[in-house]
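**Q** Whole structure, please, built from the sequences with the hints as guidance.
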Amino acid sequence: MNVQQKCAKCRSTKIDFTEMINRRLYVIIYVFVLLLLALIGISLQGTPVIYLFLGLAGAFVLFAVRLSLEKRKVIKCVCLDCGESWQTAPNVVTKK
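In the working numbering, the protein residues as written are 617 to 712.
No wet-lab data here; the hints were simulated from the structure. Values in this document were obtained by computation on a predicted structure and should not be read as measured data. All C-beta atoms, glycine included, are put in the ideal place defined by N, C-alpha and C. Do not take every clue at face value.
Claimed, not checked - Pairwise CB distance ranges, derived in the manner of DEER restraints:
1. K625 / A673: 41 to 51 Å
2. I658 / F679: 22 to 32 Å
3. L696 / L660: 53 to 63 Å
4. I658 / I637: 27 to 37 Å
5. I658 / W702: 31 to 41 Å
6. L651 / C626: 48 to 58 Å
7. L696 / L668: 49 to 59 Å
8. L652 / K689: 23 to 33 Å
9. F676 / T704: 27 to 37 Å
10. L672 / E635: 21 to 31 Å
**A** In structure tokens form, the structure reads like this:
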């Protein structure tokens, strides 16, 4: 995690890091993917083997979605000395 290790205001190193994700977006995408796979299975009048492959494909798609959304996570930083707060991306490289 490459985030700013010092407060820009007071130069303190006592910083509280909190990771924030968009949970509502996760739920909407998960429900959409599972609903789409269920509709495909029902329209194919699926056998257990078709549902097995649809389940495996759904797990892979949901893993890929979660992995791509994890890259867009935001880190909220709060200085414990002066109370200054800022947000940053987890892999931002700052110039020294």
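**Q** Go ahead and decide if the range 53 to 63 Å is satisfied by the Cβ distance of L696 to L660.
**A** holds, 57 Å
**Q** May I ask you to test the hint 31 to 41 Å on the CB atoms belonging to I658 and W702?
**A** Given a distance of about 48 Å, which is not inside 31 to 41 Å, the answer is violated.
**Q** Given the hint of 48 to 58 Å, check if L651 and C626 actually sit that far apart at their C-beta atoms.
**A** Since the Cβ atoms of L651 and C626 sit about 50 Å apart, the hinted range of 48 to 58 Å holds.
**Q** Per the hint of 27 to 37 Å, is the separation of the Cβ atoms of I658 and I637 within bounds?
**A** With Cβ atoms ~31 Å apart, the hint holds.
**Q** Is 27 to 37 Å a correct range for the gap between the Cβ atoms of F676 and T704?
**A** The hint (27 to 37 Å, Cβ to Cβ) holds, given that F676 and T704 are roughly 31 Å apart.
**Q** Given a hint of 22 to 32 Å, does the C-beta separation of I658 and F679 actually sit inside it?
**A** holds, 23 Å
**Q** Evaluate the given range 23 to 33 Å for the C-beta pair formed by L652 and K689.
**A** For L652 and K689 the Cβ distance comes to about 25 Å; the hint holds.
**Q** For L672 and E635, compare the CB-CB distance with the range 21 to 31 Å and indicate the outcome.
**A** holds, 29 Å
**Q** Please check whether K625 and A673 have a Cβ separation lying inside 41 to 51 Å.
**A** holds, 50 Å
**Q** Please check whether L696 and L668 have a Cβ separation lying inside 49 to 59 Å.
**A** holds, 51 Å
In terms of the numbered hints stated before, the structure departs from hint 5 and from no other.
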